[in-house]
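S.K.: Residue numbers (UniProt numbering), protein chains in the order written: chain A, 1 to 443; chain B, 1 to 443.
I should point out that these hints are in silico values taken from the structure, not numbers from a laboratory. As the structure is a computational prediction, the values presented were derived from the model and not from experiment. It is possible that some hints are incorrect.
Pairs count within a copy or across copies, as identical chains cannot be separated in the list.
Claimed, not checked - Below are the EDC-like pairs computed for lysine to aspartate or glutamate, each with C-alpha atoms no more than 16 Å apart in a straight line:
{"hint": "1", "residue 1": "K314", "residue 2": "D443"}
{"hint": "2", "residue 1": "K89", "residue 2": "D104"}
{"hint": "3", "residue 1": "K249", "residue 2": "D102"}
{"hint": "4", "residue 1": "K261", "residue 2": "D82"}
Letter by letter, the chains look like this.
2 protein chains.
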Amino acid sequence: MRTIIIGSGAGGLTTASTIRKYDKDMEVVVITMDKYVAYSPCAIPYVIEGEIKSFEDIIMHTPEDYKKERNIDIITEAKVVDVNSKENKVVYEKDGEKFELDYDYLVLATGGTPFVPPIEGKDLEGVFTVRTVEDGMKIDEYAKKSKSVVVAGAGAIGLEMAYAFKKRGLDVTVVEMAPQILPRALDPDMAEKVKEYLEKEGVKIILNKPVEKIVGKDKVEGVVVGNKIIEADMVIMATGVRPNIELAKKAGCEIGRWAIKVNERMQTSIPNIYAVGDCVEVVDFVTKQVTLSPFGTTAVRQGKVAAKNIVGIKAEFSPVLNAMVSKIGGLELGGVGLSALSANQNGISVIVGRCKALTRARYYPGGKPIEIKMIFDKNGNVVGCQIVGGERVAERIDAMSIAIFKGVRVDELANMEFCYAPPVSMVNEPLALAAEDALEKFD
Amino acid sequence: MRTIIIGSGAGGLTTASTIRKYDKDMEVVVITMDKYVAYSPCAIPYVIEGEIKSFEDIIMHTPEDYKKERNIDIITEAKVVDVNSKENKVVYEKDGEKFELDYDYLVLATGGTPFVPPIEGKDLEGVFTVRTVEDGMKIDEYAKKSKSVVVAGAGAIGLEMAYAFKKRGLDVTVVEMAPQILPRALDPDMAEKVKEYLEKEGVKIILNKPVEKIVGKDKVEGVVVGNKIIEADMVIMATGVRPNIELAKKAGCEIGRWAIKVNERMQTSIPNIYAVGDCVEVVDFVTKQVTLSPFGTTAVRQGKVAAKNIVGIKAEFSPVLNAMVSKIGGLELGGVGLSALSANQNGISVIVGRCKALTRARYYPGGKPIEIKMIFDKNGNVVGCQIVGGERVAERIDAMSIAIFKGVRVDELANMEFCYAPPVSMVNEPLALAAEDALEKFD
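So here's chain A without its partners, still in its complex pose (with noise of 0.2 Å):
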């Protein structure tokens, strides 16, 4: 028996892995178009801000490794050309080539492309995305030579990318679409802080307007933003990312809304086709509706799920809560489950709590601020939660996913049981007041 998977990002090795952990026979191949697998895109920002030391530390284990540990083969810089479903076949081309290889099962991990709009200048040398290694390299080489980038797109990534540039010195200015910063992850109030902090950090942020134009002769030179050039030697598109389906298609596989339609088991509309990873759509956890969740635990929660099924032991992946958390310099921000601008979108009616507090107790040296925004839908059930703060936030994005997963009350989450110690919290925990403030909305 042989599983192809397409694509060696998180969720297509942890499939291979997960596979070999239950199964020691089933032959395992991974065809990839990338050079080097197993490493974490989520890295790229932290390498360009000089913390990670190099782009080889953040590549955990090379085909090799695959190879040798778990007896996964990996088909490195090679692109799936076709998928025969009826006769259970990949087609792909590496150097030059074409090579055909059957399947039992296929796995589609192609992951997402990201999305550049069609505008001018787009192509010109200075121009990056931020997916790859080879990305973060060509940006980290670039930028030793740039004075000032241009960042189009102010979601984790392209804010992220704004701060690292900003720690090597660069000029550097943010420009979003929408009015406001992270629209995916917070409600606007919430951005708003990270906004302040990284304002004060030096990064410029345009909001409300598009990139129209990149202007250069043989390279970026500036940007046109509204009626104003700004000027720029370089440029990132963080402009979003689009789900890779086209794979899929081929195969015949069903499309949904946004991407490869699956199952709870990860199961495509064609039963040994399985996916996952950003080019699969989900279910939003608390509205019911399709969504996409383009994270690398997404994706490798997804992995083990299609690869026991694949094995033949039961499992199903649920609804999803989007819990992210980012960190920018100084600053943790999480986000998880529904914002109050979502709800509002939805037609939810939610009663919002909210705390000001600190990381450890007052009289502790080293505390940091920390914001809390907890959302709850009218029965009193927490749906969502935002945090800003200067440290611990990731944490408390897990305690909320426990608690929005699990549907606990206002009341419980106000009078729940937290521990303490003046080193690593206060006394009354910020969840509790915030919780405690919701509460007293209702009546």
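Fit chain B to the given chain A structure using the hints.
M.R.: Only chain B this time, still in chain A's reference frame:
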């Protein structure tokens, strides 16, 4: 209407402030033996260590603040000598005089007293307990002229003090009767990791033996442990705390197995007398047995419940999980819910999941080891968790507190959605990995 509160610890003052929050008219009088109020006893070791500059820092409010800002009267350095619950009166002594005061509601927030075993030499100069700011100040002074210290008792406070003395350059020996350190908080295997850390830091630890005798002519010169004398200039008795229940007895309140008996509303057997904090007994969430919960957080939560009931707002205190955390030097340790040891003692059969991981992505600088032990009942519900690690332990304990409270199942936890960014977490959250490890042991 007047509420008298006896005691100015976390429980007493939270009750006072919460009454005032909801009722502007109630007269609120706090009577306390303490000179300083509104300080955090948990902070004393960190002042001794030098992390916090001075004892003034940990006193957050003065009695004058309470009067001015909240119209709460605090009578300090006063001892309540009688409670007449028939006539709703307390009698207290201050400056050698006796006073009587009527109440409509009485709140016993009498706390606990450090238990010092009745051994020879316990009254010598140089023997201390750790409870009040004054204790801390005396210890601080005495340590300046001391070269060596024995800490009797290896609970959190004992170990925090031991580490603090070591940081100040004293020779430190911890003596614990039990076969492990942190016997109430952690299982032996997890406690062993903390012991290794402390020993590496130079703290000597003797287990399975009590301090039998303290020797010295006018002041401490050493302690007898087994058949050996350990030389020491000072001795810290961190051998536990006993609930102060004398006034409750005088009032005629029912006493339970360990301390004052209260219902979910924190009401004693006498309807207009409430009790909160270290002087009451509570119900354990998992075992349903009565137990003690001598934590500042418990006292705060109980104070809110008592106050709300006094002013006529419905509120109930839930059974406790005894969530605890401590930071000792570079190590955070915490526990919540049932330990495997205590499960054994209660005849509950459990399945354990474990995980050794890092607090950041493997390649991200500054990541620290973290170890998790997770405990499930035989139905697959999580009932306990212990964590020892270099950072980010407290919020994970909090997440597990929610999980235990809501009865999260092992498979749910293994597949739970957690957030990820390289500087603050691993793509596979250690909590999920520990659950995954346990899941494989179920069939």
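S.K.: All hints are to be evaluated individually against the structure, with a verdict given for each.
M.R.: Verification of the supplied hints:
1. K314 to D443: between (44 Å within a copy, 12 Å between copies)
2. K89 to D104: Result: close within a single copy only, 9 Å intra versus 84 Å inter.
3. K249 to D102: Classified as neither; 18 Å inside a copy, 82 Å across copies.
4. K261 to D82: neither (19 Å within a copy, 74 Å between copies)
The structure fails to meet hints 3, 4 from the earlier list, while all remaining hints are met.
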